[in-house]
Amino acid sequence: MTRIALLAAAAAVAMTAGAVAQEGPIKIGASLPLTGNFSIAGQKHRQGYQLCIDLINEKGGINARQVELIVSDNRSDPATAINQYERFINVDDVDAVYGTFSSRLTFPVASILAKNNMVHPVPAGGALRIYTQGHKNIFYFQPNAAEYAGASLKEVIETLVPADNRPTTAAVVAADDFFANAIEAGLLGTTVTDPADGSVVADLSPGYLEQVGIEVVFNEKWPEEGFNDWLNLANSIKQSGAELIVGLTASAEEAVQLTRALKTVRATPKLVYLSQGTQAEFAEGTGSSADGILVHSSWHIDAPFQSVLVGEPFGNPEFAVAFKEAYGEVPDEDSAIPFAVCQAIEQAMTATGTTDNAKLGEWLSARTNDDPVRTILGRFAWDERGLPVDKPHLMTQWNDGELQFVFPTDEFKTSEMSYPKGGF
Amino acid sequence: MAHTLQILILGLALGGVFALMGAGLSLVFGVMRIVNLAHPVMIIGGAYVAYWGFRLWGVDPLVTLPIAAVILAAVGVILYKVVFEKEAKAATYSEMTVLLTFAVAMIIEGALGTAFSNTQRVTSPDYATDAIFIGDIFIPTGQLYAGIVSLVIISGLALFLKYSRFGYAIRATTQNRDAASLLGVNVNLVSMVSFAIGVGLAGAAGALVSFVFSFFPAKHWEWIAILMSLVVLGGMGSILGTVVAAFLLSVIAAFVGAYVGATWSTMTFFLALFLILIVRPQGLFGDKPELA
Numbered sequence: 001m002t003r004i005a006l007l008a009a010a011a012a013v014a015m016t017a018g019a020v021a022q023e024g025p026i027k028i029g030a031s032l033p034l035t036g037n038f039s040i041a042g043q044k045h046r047q048g049y050q051l052c053i054d055l056i057n058e059k060g061g062i063n064a065r066q067v068e069l070i071v072s073d074n075r076s077d078p079a080t081a082i083n084q085y086e087r088f089i090n091v092d093d094v095d096a097v098y099g100t101f102s103s104r105l106t107f108p109v110a111s112i113l114a115k116n117n118m119v120h121p122v123p124a125g126g127a128l129r130i131y132t133q134g135h136k137n138i139f140y141f142q143p144n145a146a147e148y149a150g151a152s153l154k155e156v157i158e159t160l161v162p163a164d165n166r167p168t169t170a171a172v173v174a175a176d177d178f179f180a181n182a183i184e185a186g187l188l189g190t191t192v193t194d195p196a197d198g199s200v201v202a203d204l205s206p207g208y209l210e211q212v213g214i215e216v217v218f219n220e221k222w223p224e225e226g227f228n229d230w231l232n233l234a235n236s237i238k239q240s241g242a243e244l245i246v247g248l249t250a251s252a253e254e255a256v257q258l259t260r261a262l263k264t265v266r267a268t269p270k271l272v273y274l275s276q277g278t279q280a281e282f283a284e285g286t287g288s289s290a291d292g293i294l295v296h297s298s299w300h301i302d303a304p305f306q307s308v309l310v311g312e313p314f315g316n317p318e319f320a321v322a323f324k325e326a327y328g329e330v331p332d333e334d335s336a337i338p339f340a341v342c343q344a345i346e347q348a349m350t351a352t353g354t355t356d357n358a359k360l361g362e363w364l365s366a367r368t369n370d371d372p373v374r375t376i377l378g379r380f381a382w383d384e385r386g387l388p389v390d391k392p393h394l395m396t397q398w399n400d401g402e403l404q405f406v407f408p409t410d411e412f413k414t415s416e417m418s419y420p421k422g423g424f
Numbered sequence: 001m002a003h004t005l006q007i008l009i010l011g012l013a014l015g016g017v018f019a020l021m022g023a024g025l026s027l028v029f030g031v032m033r034i035v036n037l038a039h040p041v042m043i044i045g046g047a048y049v050a051y052w053g054f055r056l057w058g059v060d061p062l063v064t065l066p067i068a069a070v071i072l073a074a075v076g077v078i079l080y081k082v083v084f085e086k087e088a089k090a091a092t093y094s095e096m097t098v099l100l101t102f103a104v105a106m107i108i109e110g111a112l113g114t115a116f117s118n119t120q121r122v123t124s125p126d127y128a129t130d131a132i133f134i135g136d137i138f139i140p141t142g143q144l145y146a147g148i149v150s151l152v153i154i155s156g157l158a159l160f161l162k163y164s165r166f167g168y169a170i171r172a173t174t175q176n177r178d179a180a181s182l183l184g185v186n187v188n189l190v191s192m193v194s195f196a197i198g199v200g201l202a203g204a205a206g207a208l209v210s211f212v213f214s215f216f217p218a219k220h221w222e223w224i225a226i227l228m229s230l231v232v233l234g235g236m237g238s239i240l241g242t243v244v245a246a247f248l249l250s251v252i253a254a255f256v257g258a259y260v261g262a263t264w265s266t267m268t269f270f271l272a273l274f275l276i277l278i279v280r281p282q283g284l285f286g287d288k289p290e291l292a
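The listed protein sequences derive, respectively, from chains L and U. According to UniProt numbering, the residues represented by the first sequence are 1 to 424, in order. According to UniProt numbering, the residues represented by the second sequence are 1 to 292, in order.
Please keep in mind that the hints were generated in silico from the structure rather than gathered at the bench. Each residue gets a CB set at the ideal place from its N, CA and C atoms; glycine is no exception. Keep in mind that a hint or two might mislead.
[As the list claims (entries may be wrong)] Going by beta-carbon spacing under 8 Å, a handful of chain L positions derived as facing chain U:
{"hint": "1", "residue": "Asp92"}
{"hint": "2", "residue": "Asp176"}
{"hint": "3", "residue": "Phe227"}
{"hint": "4", "residue": "Gly285"}
[Said to hold, decoys possible] Coverage of chain U stretches by chain L, computed from C-beta distances (three or more under 8 Å per stretch; other residues unrestricted):
{"hint": "5", "stretch": "92-105"}
{"hint": "6", "stretch": "118-124"}
{"hint": "7", "stretch": "130-144"}
{"hint": "8", "stretch": "147-160"}
Isolated chain L, as found in the complex (with noise of 0.2 Å):
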């Protein structure tokens, strides 16, 4: 009798544990670049990913259980992020990921978690080829690929700039990156091809300047790293006498020194337009050299999306609040972009009642604008690349030390854009 006490004790012991491993927290891991090259967006996107769980877990958690986040530096480097994911999947046995930074690092990473079958959303990596693999279960947090940010450029041309004062030539520079060429491509119209075989992705010509009546009359590339010679640069752009000044990097520290050598060179240019540059170190670097100066990005503070985390509404100035009182600064898109990820995986989670990546991607692929996941970067569904349909990217523009929203200007409030620039 005693004995089949014991066994009986050590059974519901054994389950008891059973239950409680079933109802421990859900392990999220995410491979971010927080030192080397991409390490301000890098902790940024960390910033965002763990202010979005402890909100979660603040209202009680995803079907009643604690997330937990798992961030690992990279270094910036594609090699540790494969590594590093195939860690989290095999040994840290983790429910989910949240995506990197950059296309250099999501390239190589969407193929190993594709392989793993892990739903793999991205925060950033916007070049066309790395949705044109055919990866299932790939989900990408910004309105569309690269190649296409230049239609609202195109677009904020033709309908924002007086047309018997637009800019005829243009100086098309750029970093020698995945992303700042992705959307080179789509500008200047070029063939994009896949790095595997060869075979051509996508035929962007005639290219979205041609398309507004602007000839390229410079164009230069420079290295992906190590590059210092910014002021000569900068003097062949203002030697080639371009009216519009396309300044592709591939972070805000190089728009930085890119936008201060074309201060000290006095270019004159009628618009700039800068592929990074909404964040605040943008602006305390350059100082009043930014007004004017176009950036295109996926999110803006006065956006009124409505948006939901845990069943409750949360907009953007629930979030810019939370935000300020966790890390005591004001957001930029490279936060909010990993937010609005989080709160995907949370509603896909929520809405399935599982962390079954096969269940959570079906939920996603099945997406709608009718009945879309909803972030604070607006709502989300997705094609069958993995690519959002019918979002265009938000332009905004630096006056007056404030990063303000110009275009697209049917949606909701924006403000006026100024025009033409002139020096820096």
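Add chain U to chain L, keeping to what the hints say.
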């Protein structure tokens, strides 16, 4: 012609900054045979001193420069005592210092990132983005001031090495450590002071870099190869050689950037490194290595 002159000016302007960045590295190798891979991260340390001085109190980086130099020199003394002193007599000292300074660089980078975050910084005194225009030709004032200050500091160092009693001791130690010791030179003290001066020069260079380039803790990895190419081209241990190499390579890189393409301008430094190692391994001003 004007275009060529402009490129020459921009190359020289960049060279002035690189000269001071590389001078301390060269001094430390010359005296102590330490290949200091942590030198660029110490430049970042000096840049942070200048940045916070400017941001918190509006102090011009050129004013903060001596403070940055002293703070970093003190760091140099501590590092020497803790890391390098006891290994100085080891047969494989130079080789060991490569690994040691690599580790030191990573530790300092981590400490800077923890203290100041990994976000980019840059100081913005008015002259940093201004220029003196003479017709169509311009001289960027930020680089001009940085270059002048850099040359003044290097000239002062050269005078110190040539005419001061301690400078004699440093040069004697550079030429033959054992002979200097036999003649009564306290080579351990000379090594420590030389290391402190070298790291102090990194601090001074950092103050100049703070308004010429934007920076963050991990930025030093981009500079180490450039600085090593300057030191190798100039002749390991030759400060004059490093200065000449800095101006020479910066001017060549500027012309390459303007006429071949910006993508190739950075390659100039690495190409020079390969060529000099093949053609003249002792560098422009270095002594020919003795055959064993």
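Taking the hints in turn, this is what the structure says about them:
{"no.": "1", "hint": "Asp92", "in the structure": "violated (23 Å)"}
{"no.": "2", "hint": "Asp176", "in the structure": "holds (6 Å)"}
{"no.": "3", "hint": "Phe227", "in the structure": "holds (6 Å)"}
{"no.": "4", "hint": "Gly285", "in the structure": "holds (5 Å)"}
{"no.": "5", "hint": "92-105", "in the structure": "violated (count 0)"}
{"no.": "6", "hint": "118-124", "in the structure": "holds (count 6)"}
{"no.": "7", "hint": "130-144", "in the structure": "holds (count 7)"}
{"no.": "8", "hint": "147-160", "in the structure": "violated (count 0)"}
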